[in-house]
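Trainee: Sequence:
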Amino acid sequence: MAGKMPQIIRDANSAVAYFDNGEERTEALSARAEAYLLGGRYLTQVRQYDLAYHALSGAIQDAQAVRDMDTAGYAVVIMSWLLLRQGRFDDAERAAIETADHLEPRISKAPPERLAVWGWLALQAAAAAVRNNRPDDSAEARRIAESAAAALGRHPDTRHRFGRFDTTVAGMKGLEDELISENGDPYRVIDESTGKARFSDHAMKAARIAETDKEWNRHRLTVATAFVKVGEHDKALDRLTAVDYANPQWLRHQRMAQDVMTAIVQRRKRRLTAEMRAMAAHLGVLG
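Numbered as in the numbering used here, the sequence shown ends at 1776 without a single skipped number.
If you are wondering where the hints come from, they were derived from the structure by calculation, not from laboratory data.
Please note: incorrect hints may appear among the correct ones.
[To be verified] Pairs of lysine to any residue, SDA-like flavour, derived with a Cα cap of 20 Å:
| no. | residue 1 | residue 2 |
| --- | --- | --- |
| 1 | K1694 | A1640 |
| 2 | K1694 | E1671 |
| 3 | K1724 | R1759 |
| 4 | K1718 | W1739 |
| 5 | K1718 | Y1676 |
| 6 | K1703 | H1691 |
| 7 | K1724 | R1677 |
| 8 | K1703 | E1721 |
| 9 | K1493 | Y1531 |
| 10 | K1685 | K1724 |
| 11 | K1493 | A1504 |
| 12 | K1703 | L1527 |
| 13 | K1703 | Y1676 |
| 14 | K1758 | N1736 |
[Stated by the list, open to error] Label pairs and their calculated CB-CB ranges:
| no. | residue 1 | residue 2 | range |
| --- | --- | --- | --- |
| 15 | K1758 | E1587 | 16 to 26 Å |
| 16 | R1766 | E1587 | 22 to 32 Å |
| 17 | S1503 | D1625 | 47 to 57 Å |
| 18 | E1764 | S1670 | 48 to 58 Å |
Predicted model, so just to flag it, every value in this text is computed and none were measured.
Note that the Cβ used here is the ideal one computed from N, Cα and C, for glycine as well.
All chains, please: the whole structure from these sequences, using the hints.
Mentor: Given below as structure tokens:
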């Protein structure tokens, strides 16, 4: 898909230029907003931040032009993620929380997509706040996300074009924030994510979540981080290996995976195993 994105965006630009009014122009702007959103998400993933910012700004502008506030809101979710990756925590939180306030739905009547976007915005605000050493603001934003997830759980079909958002995702993100916070407890993260616990691999498989699910795989990286913090390097590597098997290209772009492997290399007192050296090389930690 990444290789096709430039042509998709060129085609969308041509359509917008050709149709200057009416339903056709609305459809062209909607299509370009989706193309920009997809491109911006990918570019953020591979750390091409300037291009990603341009694409996401275009997605927001086009979506607003056709009054598609859900798409505009989700573009802000990705924009907040971009700012978070750049360490711009104030900007990331402000963008997410202001948009969440603007889109706040009437929960009892809100459609699934609006609830999901609102919830994702709250999760991004929580992530930015906890990284900015504001635990109270993070907890408040997380409560909003949990409310959205609980309301979304009442719908018989929670699938939508913005990906998976549910109580499990909100809970896993909460554990990630727990690990980052000043008084975070890695043992709690491990306890809630191993064996048959709610956020364990066993639970994900029982719920028939795909092995390629990015939220599950990111949670595995959170668990790997927790294992590193308590000195369980082999178990941390097991989580990295599981993610690599399911999503090798995705893993290579994850800073959290690189941080886990760097910590193993630097802290391990015994010689690295062959598997550890191979993973370190795969992630660019060892030459």
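Trainee: Confirm or reject each hint.
Mentor: Here's how the hints hold up against the structure:
no.: 1; hint: K1694 - A1640; result: 24 Å, violated
no.: 2; hint: K1694 - E1671; result: 32 Å, violated
no.: 3; hint: K1724 - R1759; result: 15 Å, holds
no.: 4; hint: K1718 - W1739; result: 23 Å, violated
no.: 5; hint: K1718 - Y1676; result: 9 Å, holds
no.: 6; hint: K1703 - H1691; result: 16 Å, holds
no.: 7; hint: K1724 - R1677; result: 16 Å, holds
no.: 8; hint: K1703 - E1721; result: 24 Å, violated
no.: 9; hint: K1493 - Y1531; result: 12 Å, holds
no.: 10; hint: K1685 - K1724; result: 16 Å, holds
no.: 11; hint: K1493 - A1504; result: 17 Å, holds
no.: 12; hint: K1703 - L1527; result: 15 Å, holds
no.: 13; hint: K1703 - Y1676; result: 23 Å, violated
no.: 14; hint: K1758 - N1736; result: 29 Å, violated
no.: 15; hint: K1758 - E1587: 16 to 26 Å; result: 48 Å, violated
no.: 16; hint: R1766 - E1587: 22 to 32 Å; result: 46 Å, violated
no.: 17; hint: S1503 - D1625: 47 to 57 Å; result: 49 Å, holds
no.: 18; hint: E1764 - S1670: 48 to 58 Å; result: 31 Å, violated
The structure fails hints 1, 2, 4, 8, 13, 14, 15, 16, 18 (numbered hints given earlier, in ascending order).
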